[in-house]
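*Asks:* Please build the complete structure, drawing on both the sequences and the hints.
In terms of the working numbering, the sequence shown is residues 12 to 577.
If you're looking for bench data, these hints aren't it; they were derived computationally from the structure.
Treat the hints with care, since some could be wrong.
Listed below are the simulated DSS-like cross-link pairs for lysine-lysine, each with C-alpha atoms no more than 30 Å apart in a straight line [unchecked claim]:
{"hint": "1", "residue 1": "Lys166", "residue 2": "Lys145"}
{"hint": "2", "residue 1": "Lys22", "residue 2": "Lys81"}
{"hint": "3", "residue 1": "Lys279", "residue 2": "Lys296"}
{"hint": "4", "residue 1": "Lys22", "residue 2": "Lys471"}
Here are the simulated distance ranges between beta carbons [said to hold, decoys possible]:
{"hint": "5", "residue 1": "Leu560", "residue 2": "Val23", "range": "37 to 45 Å"}
{"hint": "6", "residue 1": "Phe130", "residue 2": "Ile405", "range": "40 to 48 Å"}
{"hint": "7", "residue 1": "Lys296", "residue 2": "Glu127", "range": "30 to 38 Å"}
{"hint": "8", "residue 1": "Arg384", "residue 2": "Val515", "range": "56 to 64 Å"}
{"hint": "9", "residue 1": "Ser21", "residue 2": "Ala516", "range": "21 to 29 Å"}
{"hint": "10", "residue 1": "Leu64", "residue 2": "Lys22", "range": "45 to 53 Å"}
{"hint": "11", "residue 1": "Thr509", "residue 2": "Glu487", "range": "24 to 32 Å"}
We put the beta carbon where it would ideally sit given N, CA and C, even for glycine.
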Amino acid sequence: ALTLSPMLSSKVLKPHGRQGRFEQWVEHWFSRLADRYQSLLHGMLDSLPATLLFATVVLASIFFMFVTSKSELAPVEDQSILFFQATGPQTATIEYNEAYTRQIVEAFESIPEYNESFFLLGRGEPSTTFGGFKMLPPSFRARSQMQVQPELQSKLRKIAGFQIAVFPRPSLPGSGGGLPVQFVITSEGGYRELDQVADQLIGQGMGSGRFMFLMKELQYSRPRSTLVIDRDRAGDLGISMRDIGRNLATLLGGNDVNRFSLEGRSYKVIPQVARDYRLQPGMLKDYYIRPGSGELVNLSAGLSVTDAVRDNGAAALVPLDSLVHIQDSVEPSQRTQFQQLNSLTIVGVMAPRVPLGDALAYLENTARDIFPRGFGWDYAGGSRQYARQGSALIITFFLSILVIYLVLAAQFESWRDPVIILVSVPMSIAGALAFITMGFATINIYTQVGLITLIGLIAKNGILIVEFANRLQIHEGLDRRGAVERAAAIRLRPILMTTVSMVVAMVPLLTASGPGAVSRFHIGLTIATGLGIGTLFTLFVVPAVYVVLARKHEGSKSESRIAEAQ
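*Replies:* Take a look at the structure:
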């Protein structure tokens, strides 16, 4: 702008001759617009208290629009793929999951947008299946990914053998894997108490209509079988705990004891009973064990343990169920901790058009009402990133304003002029937040970038008015009101030209399609609406604030030198 543009202007621009019809029409239109604007501005400055009251109301509305706007980490993009996570019973095996895979595929094939799919059986643990529903390209389907998701969730919910959650791929890389909602409950108590509190929270969450799916990652339903040994009876038979442990390790452990070679290859020797005899704890009754004396005792012939010990001539093994019995119980599927506290994570998917911020806020408010003393909550995955970046916007925003204020204070050699210039910033922020509050976008990482960008873009308009008004005071001796009225009218054309050019530059972002279109729309909408409405407010509010706060410039020599330098 400072080097290339002047050089090009000297080579390309020609001396102005007679204006054409179009140029005359443009000049006439701008002259009428400037006269009309100056007339309106004069009336606004006559009603200065009302103008300042309007600016105060707009400033106060920013807070209410910000807290009532929907928020999320990043908008959901149409990436032509939906992931799903299916969780079966704790006793489910890979074979169990595979048996239900066909039902999932049938549900996929009933949706017109279906293209192909993939499955990962036993991801994380045997009872879990992860997969993807790949859709046709956007140009070959009538519905978007967000429209297909509720239908797919409804169809998969009918499969009785699984709990299935459908969720989109995260829009931001590195935002954490898993489902969008990851709400961590922490407590110093046991896992059973955590499980009970989580059930209450899930019940209220699903009843609120804000979630398509909620489930616990930790299930307090894993079956546990404890082998209780009758030590007295085992002692009568001369069988020690070591004997029982060694025999069970051999029968069930799957450890290799040797190797053998066959056709040039080495193979492990694994002494283990067939899989069909290892499926249920009750199958231990079919296991036999040798007494410690090395003699075989025939118990299957109806002999008691005492008779078996005495009958040294018999030749049979002792059935294991005559020495042990099984105690069945349940335990947590996993024992997780979060910040050195017992924890349980609730994962889920929001209902359509419910942003992540609203979903997490509901869980927080419900947790405050129902959690007993000693219970707390935190976040994981993408939910944790969203919670962390919530306050980052406010900090970054005020730091940006502070830096711009200090730079302007150094350039204008005044503490007042930067304040007048930066009055335009909340005006533009209010314009952008108005459309966000109406639901055209959400507060996310892209709209935050747009809001920060607005600070620099809109401040330029205030600089044009304030700097020229100061010059008019110095060189022509005008008072503050007369100087700012004339400066605003003269600077109207460059202000409108820069604003219109920037808004037009946002049109490709607003009309984009394909992958990433939603993100581009959000940042384009924020800049276009904020700059357009902010400029309209700036043209009237900045002159009003200038009349109140600006200092009088008497045209001293030092000020004249400053003006010439500027």
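*Asks:* For a quick check of understanding: which of the numbered hints are violated here, in increasing order?
*Replies:* Failing hints, ascending: 2, 7.
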